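**Student:** Residue-level listing of the chains:
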Amino acid sequence: MAIVYQRSKGLTDVETHYCPGCTHGIIHRLVAETLEELDILGKTIGVAPVGCSVFAYDYFNCDMQEAAHGRAPAVATGIKRVLPDKVVFTYQGDGDLAAIGTGEITHAAMRGENITTIFVNNAIYGMTGGQMAPTTLVGQRATTAPLGREKNHAGSPIRIAELLATLDGAAYIERVTVTSPANVMRAKRAIKKAFELQLEGRGFTMIEVLSTCPTNWGLTPVKALEWLNENMIPVFPLGVYKDITKEEA
Amino acid sequence: MAKELWKGNEAIAEAAIRAGCRCYFGYPITPQSEIPEYMSLHMPKAGGVFLQSESEIAAINMVYGASGAGARVMTSSSSPGVSLKQEGISYMCGAELPGVIVNVMRGGPGLGTIQPAQGDYFQATRGGGNGDYRLIVFAPANIQEVVDLMQEAFELADQYRMPVMMLLDGMIGQMMEPIEWKKPPVSPDDLPAKPWATTGTKEGRAPNIINSLFIDPEACNVHNQRLEEKYRRVIENEQRYETNDTDGAEVIFVAYGTPARLARAAAGLLEKEGIKAGVFRPVTVWPYPYEALHEVAIQDSVKVVVTVEMSTGQMVDDVRIGVNGIKPVSFIGQAGGVIPTPREVANAALKALGR
Numbered sequence: 003m004a005i006v007y008q009r010s011k012g013l014t015d016v017e018t019h020y021c022p023g024c025t026h027g028i029i030h031r032l033v034a035e036t037l038e039e040l041d042i043l044g045k046t047i048g049v050a051p052v053g054c055s056v057f058a059y060d061y062f063n064c065d066m067q068e069a070a071h072g073r074a075p076a077v078a079t080g081i082k083r084v085l086p087d088k089v090v091f092t093y094q095g096d097g098d099l100a101a102i103g104t105g106e107i108t109h110a111a112m113r114g115e116n117i118t119t120i121f122v123n124n125a126i127y128g129m130t131g132g133q134m135a136p137t138t139l140v141g142q143r144a145t146t147a148p149l150g151r152e153k154n155h156a157g158s159p160i161r162i163a164e165l166l167a168t169l170d171g172a173a174y175i176e177r178v179t180v181t182s183p184a185n186v187m188r189a190k191r192a193i194k195k196a197f198e199l200q201l202e203g204r205g206f207t208m209i210e211v212l213s214t215c216p217t218n219w220g221l222t223p224v225k226a227l228e229w230l231n232e233n234m235i236p237v238f239p240l241g242v243y244k245d246i247t248k249e250e251a
Numbered sequence: 037m038a039k040e041l042w043k044g045n046e047a048i049a050e051a052a053i054r055a056g057c058r059c060y061f062g063y064p065i066t067p068q069s070e071i072p073e074y075m076s077l078h079m080p081k082a083g084g085v086f087l088q089s090e091s092e093i094a095a096i097n098m099v100y101g102a103s104g105a106g107a108r109v110m111t112s113s114s115s116p117g118v119s120l121k122q123e124g125i126s127y128m129c130g131a132e133l134p135g136v137i138v139n140v141m142r143g144g145p146g147l148g149t150i151q152p153a154q155g156d157y158f159q160a161t162r163g164g165g166n167g168d169y170r171l172i173v174f175a176p177a178n179i180q181e182v183v184d185l186m187q188e189a190f191e192l193a194d195q196y197r198m199p200v201m202m203l204l205d206g207m208i209g210q211m212m213e214p215i216e217w218k219k220p221p222v223s224p225d226d227l228p229a230k231p232w233a234t235t236g237t238k239e240g241r242a243p244n245i246i247n248s249l250f251i252d253p254e255a256c257n258v259h260n261q262r263l264e265e266k267y268r269r270v271i272e273n274e275q276r277y278e279t280n281d282t283d284g285a286e287v288i289f290v291a292y293g294t295p296a297r298l299a300r301a302a303a304g305l306l307e308k309e310g311i312k313a314g315v316f317r318p319v320t321v322w323p324y325p326y327e328a329l330h331e332v333a334i335q336d337s338v339k340v341v342v343t344v345e346m347s348t349g350q351m352v353d354d355v356r357i358g359v360n361g362i363k364p365v366s367f368i369g370q371a372g373g374v375i376p377t378p379r380e381v382a383n384a385a386l387k388a389l390g391r
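Heads up: the sequence lines are chains Y and F, in that order.
Here the first sequence is numbered in this note's numbering, starting from 3 and rising by one per residue.
Here the second sequence is numbered in this note's numbering, starting from 37 and rising by one per residue.
Calculated directly from the structure, the hints in this document are not laboratory data.
These numbers come from a predicted model, not from an experiment.
Backbone N, C-alpha and C fix where the C-beta goes; we use that ideal spot for every residue, glycine too.
A portion of the hints provided could be inaccurate.
[To be verified] Residues from chain Y that face chain F, not an exhaustive set, calculated with beta carbons under 7 Å:
1. I47
2. Y59
3. D65
4. M66
5. Q67
6. A70
7. R73
8. A76
9. G80
10. I81
11. R83
12. V84
13. L85
14. E106
Based on the provided sequences and hints, a complete structural model is requested.
**Tutor:** And the structure:
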């Protein structure tokens, strides 16, 4: 019998701790497939964040470092500067990257650090139980915004892809999502392109992936996908925000 | 070999390169900015990595990543900046990563002053970050000792897989002294392999993971107990100290760094007044040479033990532990960048003697 689908070689053979319906699993798989297809698993070092994907070091089948909260881009910088011929990526959530780690991500992008960041944006702090994130939508409820995020109190969501795209060091920045098979395929192409550009030494690459959190949003997995499409995409439009290869053309 | 005149901060940077360090991350802060300045010019010449980070937090996390990738790596800062590094130092201890952290201490708390002080003793020896951890902390008292200890600092860091701190007061960083380069330079190619480092699996081994997370309480306890066992070995094997004229002394000064030099001058003043005084100087302030101090203090001749610090009294706690009540322990110190004079130190001893 022909095998048409199986676990990627880029993932270890363990069960993840992710909640049912969470899209982290899909995103992990897309990264793992990319590493496998580019045949770089043996020369890749990943950096895990603090947040829901804190255990990513157990799931990716390559060398991994677990960073302090928000510091993954600094840790990745240290690795890449020592091992410039290796592939280095960070996998970070929105609390990690867009709140406590804004300094590290911004300056890694500014330096054109030749690393790839997978930025999983689900508009909430998942691991700690649904607190307001800098990406939480205005009006969206969170355990620290029980009446919904108030613009006059907590501001409006931060758009990281747009922000980092202003930096010369950024080579490729795209926002994707994984709410449909077509979107998953687009996300895969974006992630692969980012790693390919890193292999070419083009500079900092980041793929922001809009992701669901059924548990803390209080929605079923299917409803969560719908909520993302209807509410998050208008605030965080999908698309390519920076493409150094297009600028050169 | 002929002696060369070196500024402390530049000497420590050069000593690191000679010790085989090929990776430096740092952020400017007075009074240690000559270290990143020197590194920015000389590290690339040595084929190494210099990077000025966006913050001390980023710098120590770059050290974490580079160390995890197998590099002999260093960062430096001064007191407020070292406070920012505490998170990364705790993570390095948890993940068992080697590295050298230089603290050229200035006055505090907060922004304090840029003048020399020793107010970070508790932070260095008790752990300024979270969790049960220790650092090996060297406290050199002159620039020759700074460069002599540098190679050992990197070696111990690698041997025990833990960070080592070089704890200098700003005086040592800023002054110039003649030194000799006694040890031959270390080539990074000759360093022992680090099979635990994340350098890529080449798909020939299981992934290496650098990590300080042990979510299961039992596993976290086992991890802590294992770290503690390592720290016990450090305590047993790595205590360093120096004594000057302590045999048969009536007064024992205990001091590290610049105050140890003041204490020797004060001992000279007392000698002229017919009082025999000696200096006990810990070279490692963690592990602290408690037993060696106790042996000195227990002598029949010793009437008082006088601790001298450029702080309001921090190491004096360790002196009391070492002396353990067998002799009176007193303290003389100035903080915030004021340095006690030898006369003040000698007078403190006279007061302790009741004269």
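**Student:** For this structure, which hints from the list above don't hold up?
**Tutor:** none
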